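Undergrad: These are the residues of each chain, in order.
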Amino acid sequence: MYARGLIGLAVILSIGSFTNAASAASADDFKAAFAKAEAANKQAGDLKNQWTTTAQQLKAAQAEAAAGDYDVAVTDAQQAEALANASIAQAKEQAAAWKQAVVH
Amino acid sequence: MRRALLLAMATLALAAPPVFAADTTNPQADFRAFRKYFTERFPKVPLNDFVNGPYSMDAGLRKQWEEIDAFPPYQFAVDKGKQMFDTPFANGKTYADCFPNKGIGIRQNYPYFDSKSGEVITLDVALNQCREANGEKPFDYNKDDMAALTAYMAFTSRGKPFAIEIPDDPRALAAYEKGKEYFYTRRGQLNFSCASCHVQNPGGHLRTEVLAPALGIVAALPIYRSEWGGMGTTSRRLTSCNSQVRAAPLKPEDPSYRDVEYFLSYMSNGLPVSGPGARP
Amino acid sequence: MASTIRMRAVASGDTTEVQALVQHPMDSGFVKDAKGDLIPPHYIEVLEFQHAGKTVFTAFWGPAVAKDPYVKFSFKGAQKGDDLTISWVDNKGQSDSLVGKIM
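Protein chains in written order, with our numbering: chain A, 1 to 104; chain B, 1001 to 1280; chain C, 2001 to 2103.
The following block holds chain A by itself, in its conformation from the complex (with noise of 0.2 Å):
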């Protein structure tokens, strides 16, 4: 009994351990995520074709980094980067796809 009890503290433990590897987000990790957020939404930029919930996004990351909130500063970074990515999508579709909506 003694020797279940010390295997299943072993087994929290390692998943305690387990759990906060994964989501000890670093200020690196935050810095490289929102730096590629950043590039992607400066490529919508050059297509003339951001949306404002994106420079929205990347704010609240850039707050939650400054308050060392660095795994959901992280998430809301790749979201930011998600955002822009499509809005670079929808800029590139749209180059060809707005002469089919014109009054003819």
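Don't take every hint at face value.
Claimed, not checked - Straight-line Cα separation of at most 20 Å, PhoX-like style, residue types lysine-lysine; simulated pairs: (1) A:K48 <-> B:K1251; (2) B:K1044 <-> A:K99; (3) A:K42 <-> B:K1251; (4) C:K2035 <-> B:K1143; (5) A:K48 <-> B:K1178; (6) C:K2067 <-> B:K1080; (7) B:K1143 <-> A:K99.
Claimed, not checked - Quick list of the computed label-pair ranges, beta carbon to beta carbon: (8) A:A60 <-> B:S1115: 16 to 26 Å; (9) B:G1229 <-> C:V2010: 35 to 45 Å; (10) A:A89 <-> C:P2040: 39 to 49 Å; (11) B:T1024 <-> C:M2103: 44 to 54 Å; (12) C:D2014 <-> B:Q1200: 48 to 58 Å; (13) C:D2014 <-> B:P1088: 48 to 58 Å; (14) B:P1043 <-> C:G2053: 13 to 23 Å.
Source of the hints: derived by calculation from the structure; they are not laboratory data.
Note that the coordinates shown come from a computational prediction; the quantities given were computed from them, not determined experimentally.
Idealized CB from N, CA, C, for every residue including glycine.
Following the hints, put chains B and C in place on chain A, whose structure we already have.
TA: Okay, now just chains B and C, sitting in the frame of chain A:
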């Protein structure tokens, strides 16, 4: 099996790709198609009434507008604009010195294509160019001073038919075409184009607002919006339309904005200036 | 200084219809400016119309009335050519008035 496959491939190769409208820019054809679309869709609306935007689409809203227009909320802006227009610059010159006909009754000629600079010049841009040429600081394109000045100039042009020219210059045609592209391109997280609301759904509702038809939509600019509690410029309307569909607005009087104004103004040729307008 | 009041009064028989547009910020005191500071309340408290020494219309406005308010009403007992006086006072003690002729 192999022969069937080869036959299928050959058929595919011979099938013609879908044919879209001609790839060469043809503003006159666009103009005719645009006009036909709106007059056929709204046969009961007199042609000149399209310039009244939502009021040509909704009788109840029109009644309210007619009452309001008897004592218009934009009066203060027009009075302020007249005072600004009549006040000389520090160097003694006035706006009248920059414009044909002393700047009175000319709004229907804007935007125009300037062959020298290769740019589309809107009325707002021309006013700031006049200011800078006379040593004055330019006005912010989104703020009250430019709104008041353009309100007065629109007021002096009321009833005059739009007379937008596209010179036989590839740059002018390109600007027109880019404006047309901007108008029909979906943008923003909400994925709307200008056409989504103003071509596909005029007279329809967007929350509590009645959508205006694209035909003649620039004729009422600048507009006093009850929502803004004041007069707002063309730039202000374009930038707010952008952010409403969650598209990051461009800088005021960005070439894309000037081009779309050029396109829409050309589409309104012959229709009367109705500005400054009052809108909800 | 330019008047803040635009008024038009038209007599039709015994009834005079009056419209007035008053230029005033009508700040409620609840709105913040671009910096995040509250814009202090500044609104018309009382608006009055007088004809032949009598008050024919009084409005008690306040923070709920929007910018550049418009008012329209009718009253009896006036004739074309009579004077009609409109005046207002706001919460800062500022005021303005205008005398117009009934058309």
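Undergrad: Go through the numbered hints given earlier and state which of them the structure violates, listing their numbers in rising order.
TA: Going through the list in order, the structure violates hints 2, 7, 8, 9, 11, 14 and respects the others.
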